[in-house]
Each structure stands twice: as structure tokens, then as C-alpha cells.
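Undergrad: What follows is the residue order along each chain.
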Amino acid sequence: MEREILIEVKQLSRAFVKNKGFYGKIHDQTIAVDDISFNLQRGEVLGFLGPNGAGKSTTMQMLTGNLAPSHGSIKIGGLDLMDNPIEAKAMIGYLPDTPPLYKELTVDEYLAYCARLNKISNHKLQQAINTSKERCGLTEHGKRVINNLSKGYQQRVGIAQAIIHSPDIVILDEPTVGLDPIQMIAIRKLIKELGETHSVMLSSHILPEIQTICNNVQIINQGKLVFNASIEQLNHHMQTHSIRMKCRHKVDVKKIKLLDTIQSVEIEQNTMGDEGDSIIIHCSHQHSSNDSSLKDSLLTEKGQNAAIDLSQQLISIAEQQQWGLYEIYSEKQTLEDIFMSLTCVDPTHEARLGARLGARLGARLGASREKALLETTEEARQGADT
Amino acid sequence: MIKLIALRELKSLFLSPLAWAILAVTQIILCYQFLAQLESYLQFQARLSVLQDSPGITDLVISPLLAGAAIILLLIVPLLTMRLISEEQRNQTLTLLFSAPVSMTQIIMGKYLGILGFLSILLFMIALMPLSLLLGTRIDLGQLFSALLGLFLILASFTAAGLYMSTLTKQPAIAAVSSFGLLLFLWIINWAGNSTEGESVLSYFSVLNHFEPLLKGIFSSADIIYYLLFIGLFLVLSIRRLERLRLPH
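Protein chains in written order, with this note's numbering: chain A, 1017 to 1402; chain B, 36 to 284.
Think of the hints as simulated: they come from the structure by calculation, not from any bench. Don't take each hint at face value.
[To be verified] Cut-off 30 angstroms, straight-line C-alpha distance, at most; resulting in silico cross-link-like pairs (BS3-like, lysine-lysine):
#1 Lys1167(A) x Lys46(B)
#2 Lys1167(A) x Lys251(B)
#3 Lys1119(A) x Lys205(B)
#4 Lys205(B) x Lys1140(A)
#5 Lys46(B) x Lys1135(A)
#6 Lys1135(A) x Lys1240(A)
#7 Lys1240(A) x Lys1266(A)
#8 Lys1091(A) x Lys1167(A)
#9 Lys38(B) x Lys1159(A)
#10 Lys1262(A) x Lys1205(A)
#11 Lys38(B) x Lys1119(A)
#12 Lys1159(A) x Lys251(B)
#13 Lys38(B) x Lys1135(A)
#14 Lys46(B) x Lys1140(A)
#15 Lys251(B) x Lys1135(A)
#16 Lys46(B) x Lys1119(A)
#17 Lys205(B) x Lys46(B)
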């Protein structure tokens, strides 16, 4: 069943003028968001990823009417944000990257103001405030002045403000920044809950967070949408394609190569100091990513089963041959790897970033895995052809 | 919605010491002026009473008091209006208003009326001084209300101009200085026109020139319309400016 589309973004662009010359002649402009199109359906949690300055916040500001786009159209629940701003904005709850707090007010006063701004009637007011305080763990802080709260609590007030009128669309710009781990888990749970009845769009730098709470992921880099997929497709991207095993004694690689579905076997330098081996085994259940999503998930399941079979086979061989197996696990390509491989296309940029962050290794790893993935699919295709 | 924004503005004002300080300082200074004026009036009273058509206490005490109030508030209103938009822009709380289902007009009108509400409280407290004279003598109530109306209109104009200046910058201090400059300039703009005979265009633009007749009790619709146009102009400019904040620039 097609679900109701709550946000429809078409070819959205936003340029900032860097230097404005005389007579208003534009000399230099930066394009923060470049030709982005996507939809958000009811009951969907959309994760928005990207390095700093990629245009995440700009996009969110445009969606909430804080910035007017240079080009393109935004429809909120079928209403154009430019033509019917008031009706459209009533459907949105927004937490910007800096929570918009009037710090001289108490939490209760502030939330009451936000609720009234969003046209909540007087008799529902108290209930709305209580619910949103409870959801954000602020019940005991209602009487405190916001300025005296810690950063994490101020962030909670920001979230409470965004959900107070239970809007159809909740847009959160890095909602879990500054929160303690317990609260982070609570907020993630809250976002999941919200995602069941409303739509949520959130940006974050914490990739596992996106992985656990979102059912759609978008990666934006230098203003362009470089990756847009459901979490299933992403999991397929990240499926097991290698198994790593560590043994106490010497391993006969030939024995492993005899097994089917083995692509290649690598021996790693052993870090344990004894004669044992650490081995990476690549399996050959890769397939083209151009298949339809249904097929994909089936294939992924098949691939997953193959990986399980293979590891069981490995365990039994290791037992027979007395290799002294003490560790075996499947390696997955993480969201980080995909993120890095997609956002670091420019090699000089990558080098610069890598040198600074010490993340170069991760990027290379991601890139090489991506390459390996492509190679294996290529080989699989050739195999199918012959 | 306008009322809500106005009330929050008023509440925030009273939560900071600024509002109390402004109320106290204006009251003290005007009180001193009032008492000094009253004392000199008492000294001249005997001599004045023999003159025919002599100016009464309303002319000699109340009008100068309210004229003094206008000058003091010329200095104070920019301090009240400076934070209106610029501080919200700086603390990024403007986002809250921009993402809420309210129009730019409602935001500006709410902010404007919030400050106007505060100034009405101030005006009421100033009005108590001339009204206290009713205990001992008779005053020209018509002239008093005309002068109070003039003071109210001039304050409303100051607020509108200050609000517009506040939308132009993120720095409250710059907003305060520029609105003070603008108001003072509009106050003294008739200096250039004084040398030539009759009414010049420049003196017509002066805020002061339209206030003086009202102080004397001359209620001319031209003066009222001048203030209303002044307020309207700056409010429309503020709304336009606020809308422009979102556009590509």
C-alpha cells in the first residue's frame, strides 16, 4: 500500500553569495544545496548523513521555512511551503542545531509559549506540556529556569518543544548531541515511537544511531545527494562478505580453498606471537546491486545462510585438523565505510581529511572493500555468462 | 497570536532588571523635573495672577514635564527596542517563530505591541504626576490628554523606528546606536529649516514639530496622521526586512 507522502522535495537548491560586488552584481557564490529531490512518507524515519558543511542543516532550514530556497519546490502534506506557509508549518516540529530557547523563562513557561504558538487550545495545553515533558524526561524540571539547566537538559527542552503539538513531521537536527548515554537511548526510543505514527527526519554524525533508528538513509556531500536507500538496501550493501578466523596453530590454506563459495583466502600477520594464523576468507555470494529490492533481500538472506554454512564448515574442519580455532567472526561493511567511501571521492580532499583525522585507513579500507565488491560482482556476472 | 508574542515580550522585559531600571530612572528624573518646575511656578504665581490671559499651571508645569519626558525616552526607547529582533537572531531563537505557524506580520506586530505595552505602563506612571495636581488645583484636562496622546504617539513612532533598526543587525548595541542616531536626527532635522522663513519641507519631517502643537493642546489631524504614517512605514519596512532574512542574499 502506498503511504501518504508528507514531504515532497523537488530539485531543491540554495546558493549563498560570498562576495557581493557593486550594483548587486554577484561575483562569487557557494552552492550549499544542489538539486536535491526526495520524498518522506508517513511512518518513515529518515536519517540524514553528511560531513560538516555538507548542507544538512541548510536543507532542514529550508524544509521548515527558515530559509527560502533559490530553486525548487517543497510540499508539506500536499501544501506548497511557499504558497501556504502557515498551514504547512503547523504540521512541522523542528529542532534546529542550536535549540531556540528563551533562557530567562522556566521550562513550563517556555513550553506553554511554544504550545500556544502552535495553536494548542487552552484546555489541552497542560496535557500537551505534561506529555512532552514526560517523553523527554523533564517532568521534575518544570519549575527551573532554562538558563540554569545543563546543556543536555537544554537539548531535551529543545526536543520537547519540537514534539509539543504532536506534529505530523518532526525534523531534528542532531537531536542527541550533548545527551548522556541513558538519555540518548531514551531519545532514540522516542524517535522510533514517533516514527510509527508520524514521520521523522533527523541528521546525525553518529552512524550506528542512524542505523538503529532509521528506516531510510540519505547521505549528502557537498550539497549533493549521493546516497538514498532504505535500511534494507543498506544492510544488503553491508552484508557479510568475509569471515575472519584466528587459530592457535598453523593452518593449511589449501584445505580451506577446497570449500565451495570461497573467493579468496588471505593470511594476516599474526599478532599473538606464536605460530598460529589469522585468516580472512572472502565468500563468493556477492551479486549485482541493480536487482530489485525484493530479490535483493532474498539474495541477502541466501548470502547470510551461505556465510553461516561456511563458518560451520570452517569450524568442523578446524576441529578435524586440530588448528586450535579460538575466534571466528563475520565481518560486515559498516555504515562508516559506505559513508567514507561516498563522501571522500576527491583524493586530495580525502588525504587532507585523513591526515587530519587519522581516518585515512578507514577510508582506504572502505574504498578497497567497495572495489572488491565491484570486482566480485563483475566476476559473478562473467561466471553467469559463461 | 499577536497577543501571545506581545505578552511574552513584556514578560521577558520584566524578568530582566532592565525594565525595572528604566521605570525607576525615568520616574526619578521626571519627578525631580516636576518638583523643580512646580517650585518655580509657585514663586511666579503671584506675579502671573495679575496678568491678563496668563499661562496656567498646565502650560507652565505639565507641558514642559511631558516635553522633558519625550527627550528622556528618546534616549531610552532604543535600549528597549534594540534586542527585539537582533538578539533573537543572535541567540537563534528566531527559528522558533519562523518554524511556528505565524506570519511575519504577526511576529512584528507582537513584538511592537509588547514594547508599546511596556511604554504604556511608563506613560501611565508619568501621567500620575500631573494628575496629582488635581488634589490642590484645577488643570486643563483637555490639554493634558492632548499632550499625553502626543507623548504616546511619539513613543510609538520611536518604537517603530527602533524595531526596524533591530531587524537590520545581529548586534543589539549597533541597533541601539543607529536607532538613537535616527531618532535624534529626526528630532533636530528642522534646524536647517529655521533660517528660512515659514515652513520648510525639512521642518515638516521633524518629529518635534508635530509634538509641540499637541503639547499646547492643539489637536490637528495632520499631526496625528504624520505619526500614524511614520509608524506604518517603519512597521512595513520591518516586516519586509524580516521576510528578506530568509531569502537568498
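Undergrad: Within a Cα-Cα threshold of 30 angstroms, do lysine 251(B) and lysine 1135(A) meet the stated pairing?
TA: 47 angstroms, violated
Undergrad: Between the alpha carbons of lysine 1135(A) and lysine 1240(A), is the straight-line distance 30 angstroms or under?
TA: Not OK: lysine 1135(A) and lysine 1240(A) at ~36 angstroms, beyond 30 angstroms, violated.
Undergrad: Can you confirm whether the C-alpha distance between lysine 1262(A) and lysine 1205(A) stays at or below 30 angstroms?
TA: Distance ~37 angstroms between lysine 1262(A) and lysine 1205(A) Cα, so the pair is violated.
Undergrad: Below or equal to 30 angstroms on CA atoms is what counts here, so check lysine 1119(A) against lysine 205(B).
TA: 18 angstroms, holds
Undergrad: Verify the proposed pairing of lysine 46(B) with lysine 1140(A), using a straight-line Cα cut of 30 angstroms.
TA: 23 angstroms, holds
Undergrad: Would you check the hint for lysine 1159(A) and lysine 251(B), treating anything up to 30 angstroms between C-alpha atoms as holding?
TA: 51 angstroms, violated
Undergrad: Regarding the pair lysine 1167(A) and lysine 251(B), is the alpha-carbon distance no greater than 30 angstroms?
TA: 57 angstroms, violated
Undergrad: With the threshold set at 30 angstroms, check whether the alpha-carbon distance from lysine 46(B) to lysine 1119(A) stays at or below it.
TA: 12 angstroms, holds
Undergrad: Do the alpha carbons of lysine 205(B) and lysine 46(B) lie within 30 angstroms of each other, as the hint requires?
TA: Within the cut-off at roughly 22 angstroms; holds.
Undergrad: When you check the alpha-carbon spacing of lysine 205(B) and lysine 1140(A), does it fall within 30 angstroms?
TA: 36 angstroms, violated
Undergrad: Given the hinted pair lysine 46(B) and lysine 1135(A), is their Cα-Cα distance within 30 angstroms?
TA: At roughly 20 angstroms apart (the allowed maximum being 30 angstroms), lysine 1135(A) and lysine 46(B) satisfy the hint.
Undergrad: Below or equal to 30 angstroms on CA atoms is what counts here, so check lysine 38(B) against lysine 1159(A).
TA: Given pair lysine 38(B), lysine 1159(A) holds - Cα atoms ~24 angstroms apart, limit 30 angstroms.
Violated hints, in rising order: 2, 4, 6, 7, 8, 10, 12, 15; the structure is consistent with all others.
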